[in-house]
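Number of protein chains: 2
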Amino acid sequence: MQNLTMLTDLYQLTMMQGYYMNGCRDKEAVFDVFFRTLPFKGGYVLAAGLEQVVEYIENLTFGEEDLAYLRSLNLFTEDFIEELRNFRFTGDIDAIPEGTPVFPFEPLIRIKGRIMETQLLETAILNLVNFQSLIATKASRVVSAAHGGSVMEFGLRRAQGPDAGVLGARAAFIGGCQSTSNVLAGKRYGIPVSGTQAHSWIQCFPTELEAFRAYARTFPDKCLLLVDTYNVIKSGVPNAIKVGLELEAEGHHFVGIRLDSGDLTYLSREARRMLDVAGLKSAIIVGSNDLDEETIFAIKAQGAAIDAWGVGTSLITSKDSPSLGGVYKLAAEGEQNVFQPRLKVSENISKITNPGIKKVVRFYDRAGKAMADLITLENEVFTEGKPLTIFDPVQTWKQKTLKNFSTRDLMIPVFRGGKRVYDLPKLTEVQEYAKIELDTLWDEVKRLTNPHSYIVDLSTNLFELKQKLLLTIHQDILANNQNQGVDQNVDR
Amino acid sequence: MQNLTMLTDLYQLTMMQGYYMNGCRDKEAVFDVFFRTLPFKGGYVLAAGLEQVVEYIENLTFGEEDLAYLRSLNLFTEDFIEELRNFRFTGDIDAIPEGTPVFPFEPLIRIKGRIMETQLLETAILNLVNFQSLIATKASRVVSAAHGGSVMEFGLRRAQGPDAGVLGARAAFIGGCQSTSNVLAGKRYGIPVSGTQAHSWIQCFPTELEAFRAYARTFPDKCLLLVDTYNVIKSGVPNAIKVGLELEAEGHHFVGIRLDSGDLTYLSREARRMLDVAGLKSAIIVGSNDLDEETIFAIKAQGAAIDAWGVGTSLITSKDSPSLGGVYKLAAEGEQNVFQPRLKVSENISKITNPGIKKVVRFYDRAGKAMADLITLENEVFTEGKPLTIFDPVQTWKQKTLKNFSTRDLMIPVFRGGKRVYDLPKLTEVQEYAKIELDTLWDEVKRLTNPHSYIVDLSTNLFELKQKLLLTIHQDILANNQNQGVDQNVDR
Numbered sequence: 001m002q003n004l005t006m007l008t009d010l011y012q013l014t015m016m017q018g019y020y021m022n023g024c025r026d027k028e029a030v031f032d033v034f035f036r037t038l039p040f041k042g043g044y045v046l047a048a049g050l051e052q053v054v055e056y057i058e059n060l061t062f063g064e065e066d067l068a069y070l071r072s073l074n075l076f077t078e079d080f081i082e083e084l085r086n087f088r089f090t091g092d093i094d095a096i097p098e099g100t101p102v103f104p105f106e107p108l109i110r111i112k113g114r115i116m117e118t119q120l121l122e123t124a125i126l127n128l129v130n131f132q133s134l135i136a137t138k139a140s141r142v143v144s145a146a147h148g149g150s151v152m153e154f155g156l157r158r159a160q161g162p163d164a165g166v167l168g169a170r171a172a173f174i175g176g177c178q179s180t181s182n183v184l185a186g187k188r189y190g191i192p193v194s195g196t197q198a199h200s201w202i203q204c205f206p207t208e209l210e211a212f213r214a215y216a217r218t219f220p221d222k223c224l225l226l227v228d229t230y231n232v233i234k235s236g237v238p239n240a241i242k243v244g245l246e247l248e249a250e251g252h253h254f255v256g257i258r259l260d261s262g263d264l265t266y267l268s269r270e271a272r273r274m275l276d277v278a279g280l281k282s283a284i285i286v287g288s289n290d291l292d293e294e295t296i297f298a299i300k301a302q303g304a305a306i307d308a309w310g311v312g313t314s315l316i317t318s319k320d321s322p323s324l325g326g327v328y329k330l331a332a333e334g335e336q337n338v339f340q341p342r343l344k345v346s347e348n349i350s351k352i353t354n355p356g357i358k359k360v361v362r363f364y365d366r367a368g369k370a371m372a373d374l375i376t377l378e379n380e381v382f383t384e385g386k387p388l389t390i391f392d393p394v395q396t397w398k399q400k401t402l403k404n405f406s407t408r409d410l411m412i413p414v415f416r417g418g419k420r421v422y423d424l425p426k427l428t429e430v431q432e433y434a435k436i437e438l439d440t441l442w443d444e445v446k447r448l449t450n451p452h453s454y455i456v457d458l459s460t461n462l463f464e465l466k467q468k469l470l471l472t473i474h475q476d477i478l479a480n481n482q483n484q485g486v487d488q489n490v491d492r
Numbered sequence: 001m002q003n004l005t006m007l008t009d010l011y012q013l014t015m016m017q018g019y020y021m022n023g024c025r026d027k028e029a030v031f032d033v034f035f036r037t038l039p040f041k042g043g044y045v046l047a048a049g050l051e052q053v054v055e056y057i058e059n060l061t062f063g064e065e066d067l068a069y070l071r072s073l074n075l076f077t078e079d080f081i082e083e084l085r086n087f088r089f090t091g092d093i094d095a096i097p098e099g100t101p102v103f104p105f106e107p108l109i110r111i112k113g114r115i116m117e118t119q120l121l122e123t124a125i126l127n128l129v130n131f132q133s134l135i136a137t138k139a140s141r142v143v144s145a146a147h148g149g150s151v152m153e154f155g156l157r158r159a160q161g162p163d164a165g166v167l168g169a170r171a172a173f174i175g176g177c178q179s180t181s182n183v184l185a186g187k188r189y190g191i192p193v194s195g196t197q198a199h200s201w202i203q204c205f206p207t208e209l210e211a212f213r214a215y216a217r218t219f220p221d222k223c224l225l226l227v228d229t230y231n232v233i234k235s236g237v238p239n240a241i242k243v244g245l246e247l248e249a250e251g252h253h254f255v256g257i258r259l260d261s262g263d264l265t266y267l268s269r270e271a272r273r274m275l276d277v278a279g280l281k282s283a284i285i286v287g288s289n290d291l292d293e294e295t296i297f298a299i300k301a302q303g304a305a306i307d308a309w310g311v312g313t314s315l316i317t318s319k320d321s322p323s324l325g326g327v328y329k330l331a332a333e334g335e336q337n338v339f340q341p342r343l344k345v346s347e348n349i350s351k352i353t354n355p356g357i358k359k360v361v362r363f364y365d366r367a368g369k370a371m372a373d374l375i376t377l378e379n380e381v382f383t384e385g386k387p388l389t390i391f392d393p394v395q396t397w398k399q400k401t402l403k404n405f406s407t408r409d410l411m412i413p414v415f416r417g418g419k420r421v422y423d424l425p426k427l428t429e430v431q432e433y434a435k436i437e438l439d440t441l442w443d444e445v446k447r448l449t450n451p452h453s454y455i456v457d458l459s460t461n462l463f464e465l466k467q468k469l470l471l472t473i474h475q476d477i478l479a480n481n482q483n484q485g486v487d488q489n490v491d492r
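Going line by line, the protein sequences match chains A and B. Residues 1 to 492 in full-length UniProt numbering are what the first sequence spells out, letter by letter. Residues 1 to 492 in full-length UniProt numbering are what the second sequence spells out, letter by letter.
Check each hint, because a few of them may be wrong.
One copy or two, either will do: identical chains are not told apart, so a pair holds if it fits within one copy or between any two.
In the DSS-like style, the derived pairs of lysine-lysine whose C-alpha atoms are separated by at most 27 Å in a straight line are [as the list claims (entries may be wrong)]:
1. Lys435 - Lys41
2. Lys400 - Lys329
3. Lys400 - Lys426
4. Lys329 - Lys222
5. Lys369 - Lys187
6. Lys446 - Lys319
7. Lys329 - Lys300
8. Lys468 - Lys187
If you are wondering where the hints come from, they were derived from the structure by calculation, not from laboratory data.
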């Protein structure tokens with residue numbers, strides 16, 4: 001990946017110079033990456049993008065061209081630019097691995113280091129994690145709707161730029177897509193690539209049958225034919241059957257057909273019947289044409305005979321929810337590795353942050369299903385199986401006692417003192433892990449519409465710390481009211 | 001920009017090998033890039049992305065790693081891979097310059113060359129043009145709503161990957177944004193960068209006043225203060241006024257304040273009054289917080305005193321319309337530079353393509369306002385001023401006679417025989433050109449909601465060619481009906 005050091009908002013650099021010039025250069029901070037709202041009105045998010053975050057941080061260094069550009073802005077002092085010349089990330093990062101289902105307010109990534117460093121990282125980390133987590137989640141919904149049918153990612157031409165196509169294909173693979181049409185993504189990440197011919201191929205030959213035969217000659221063992229250029233039932237399928245039988249007679253395996261228009265339910269059932277009658281029972285039917293999870297769900301519910309789905313624009317742009325609102329918020333401040341928890345207040349209760357250095361613990365029942373998550377302080381331990389009563393942090397009377405549980409800490413160390421301590425898994429491993437992880441969620445949580453809300457509570461210790469800090473701040477505000485007339489806190 | 005040769009759909013390569021192995025390697029083709037539907041239910045699209053298309057084509061070459069990867073797929077013959085090793089673009093490209101308002105069905109880019117070459121280009125060209133045209137259009141809508149107020153692009157953290165942030169900032173600048181927060185976009189494209197401090201800065205100091213003073217010390221002449229961390233009216237604005245007056249007393253210019261939450265209309269009017277009373281009449285007020293063109297329009301209509309707008313997620317992801325459906329369709333086929341027009345039929349009348357090698361002519365009235373566009377054949381000439389009757393290509397009875405007009409051919413030559421013949425303008429020139437071009441459209445066409453439809457007709461020659469081809473094809477279909485029973489044409 002290219003060096004993304006300059007992929008940041010200008011205000012990170014102006015604030016860094018401000019910290020540098022105002023005696024805060026050795027101040028340390030802990031930031032959490034989290035989101036507040038689930039996209040697609042869905043039940044979960046599939047974390048993704050960590051590998052790109054790791055690459056970004058390992059390549060983090062300002063080049064001479066970068067420094068010359070910054071100097072040209074007439075904003076920064078030479079001292080500060082010299083500081084940037086030696087800039088490296090020297091802190092600690094913990095994160096929830098890619099492919100893990102995660103929920104609102106859970107820290108996905110925790111960054112600890114000098115405030116100068118942690119401030120710079122905000123923009124690129126959010127950019128990388130927001131997009132891939134969004135697309136991995138969208139893909140997992142599409143794959144879930146396909147219910148065992150394979151899903152091919154086809155959206156490159158409508159993706160929001162080259163990276164969106166390539167990183168989107170990567171995220172879609174994590175979410176369970178079987179392949180991509182994107183050759184660069186295939187080369188870079190080892191994702192299986194798929195694709196055969198477009199309507200323009202069919203039209204380049206005098207007849208459909210000649211076009212099919214030419215393709216079959218070129219790729220006798222990978223022959224999937226697009227049958228809707230003229231008429232699916234009267235021309236496309238009969239011609240495909242003719243070519244399929246010719247291929248099989250020559251000892252090749254005929255792959256099948258693709259439908260890219262018309263009513264996919266009706267056409268696929270009719271095509272299936274015709275293929276079966278002709279003895280091509282192993283030929284598959286691929287469906288495409290402006291699909292998303294809802295269309296696939298509806299088409300399948302009507303009994304479509306489609307084995308594989310090509311999904312384009314709606315997946316790669318996450319059309320119905322094109323951004324994930326991940327944020328990067330201060331959780332603690334300190335010096336020389338001694339930290340004080342920090343909390344951000346807001347009129348809006350969902351914008352009050354959780355203070356302190358935290359982790360996420362997932363509780364499983366005996367069957368291995370995830371029952372609930374607790375956001376806890378860093379060093380909390382929960383004795384497996386010993387009954388534990390958890391409660392909703394807002395409606396505290398909503399309680400639940402967990403018994404016979406096992407637990408898992410979701411976050412793992414990724415950087416220590418600026419050095420990577422985490423071996424990045426292969427992408428196929430991430431995909432496999434995501435599948436296993438999704439299997440630990442109840443189907444009710446994964447339902448495409450109106451899913452059941454998964455429980456994410458705070459540990460008692462974290463809850464009490466938060467209440468104490470809120471009380472202190474409230475008392476400060478009351479005191480300030482008398483001095484300054486402040487009676488309201490607002491926040492972005 | 002990186003080499004994007006592999007940024008293509010696999011089926012382009014399988015079809016290329018098909019053409020190569022089936023005696024079509026010297027066949028030539030002309031493809032048009034166009035879109036069928038205006039995004040945002042708006043009145044126009046602002047063309048963008050051509051510079052990246054030019055860079056893509058100039059860098060178009062398969063490296064040894066690419067070839068090794070393609071070989072590993074076990075799809076391609078050694079002959080074909082050898083052909084790719086020597087692959088260069090050797091054809092002609094004409095295009096409508098970046099920053100030009102364009103309309104459905106107009107060819108934005110016309111690619112002529114060997115079918116092997118023109119086929120490969122489809123995916124990357126669409127990827128590059130679809131996204132930037134979308135964002136330039138969105139930005140021009142936001143800028144239009146701001147009605148003279150300046151607009152800053154702030155969306156990097158929510159953009160769909162790094163390129164989406166950087167190319168999106170570029171496109172937003174073409175659409176009229178004044179600056180971006182994105183430092184890499186600033187460095188790469190010379191876009192002015194802006195940004196000051198976040199809430200985390202304010203919270204890092206014991207009091208708001210201390211935070212403001214620290215920022216003012218660091219950037220005394222670029223001091224824009226974020227006033228909504230505690231309470232805008234009772235704390236933020238009074239503290240900002242204090243620091244502003246201190247700066248002015250020391251001979252500096254105080255820039256102003258930023259509001260990032262709450263009711264921007266009420267707060268900005270109140271803040272304006274307070275700043276004016278304090279004698280800081282030249283201090284500006286910046287508004288941000290989940291803005292798009294509709295919110296800005298509504299807030300301004302209520303009399304908000306906001307001088308500049310920061311716009312993030314909605315702009316960089318084009319939230320309400322996250323893709324532009326640009327397509328790449330065959331217009332002519334030939335050999336040795338002799339071409340036959342080609343037309344694609346469809347049940348859906350809007351999916352029937354326009355045949356032949358075409359251009360776009362824009363007709364202006366005496367005041368310089370654009371009256372209509374004609375899509376015409378390549379060599380058509382229209383005598384300026386000589387009355388010309390144009391007609392809707394579907395509802396042909398809808399006619400209009402143009403008089404006293406001047407004309408302009410919108411397409412310009414970009415490549416000839418694989419060599420670039422077009423000097424790319426500077427980005428500031430593109431922005432200025434876009435502004436002048438938008439001024440040639442009637443306000444009615446640019447209205448954010450329910451705009452007037454701009455007239456795009458076909459020249460009589462093109463119309464007649466299309467009718468003739470449709471008739472021929474229809475007769476072929478009738479003939480085929482008798483042979484094969486085809487009675488319907490479907491299409492993607």
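Status of each hint after checking the structure:
For a Cα distance limit of 27 Å, the shortest separation of Lys435 from Lys41 inside one copy, 21 Å, qualifies, whereas the shortest one across copies, 39 Å, does not. With identical chains, the CA atoms of Lys400 and Lys329 are never at most 27 Å apart, being 29 Å at best within one copy and 60 Å at best between copies. In this homomeric assembly, Lys400 and Lys426 never come within 27 Å of each other (Cα to Cα): the closest approach is 38 Å inside a single copy and 63 Å across copies. For the identical chains of this complex, Lys329 and Lys222 are inter-copy neighbours only, at 25 Å across copies versus 51 Å inside a copy, given an alpha-carbon limit of 27 Å.
Neither within a single protomer nor between protomers do Lys369 and Lys187 lie at most 27 Å apart by alpha-carbon distance, with minima of 36 Å and 49 Å respectively. Proximity of Lys446 and Lys319 under a CA criterion of 27 Å is satisfied in both settings, with 19 Å inside one chain copy and 25 Å between copies. Taking CA atoms no more than 27 Å apart as the test, Lys329 paired with Lys300 passes in neither setting, with 43 Å inside one copy and 31 Å between copies. For a Cα distance limit of 27 Å, the shortest separation of Lys468 from Lys187 qualifies neither inside one copy, at 53 Å, nor across copies, at 46 Å.
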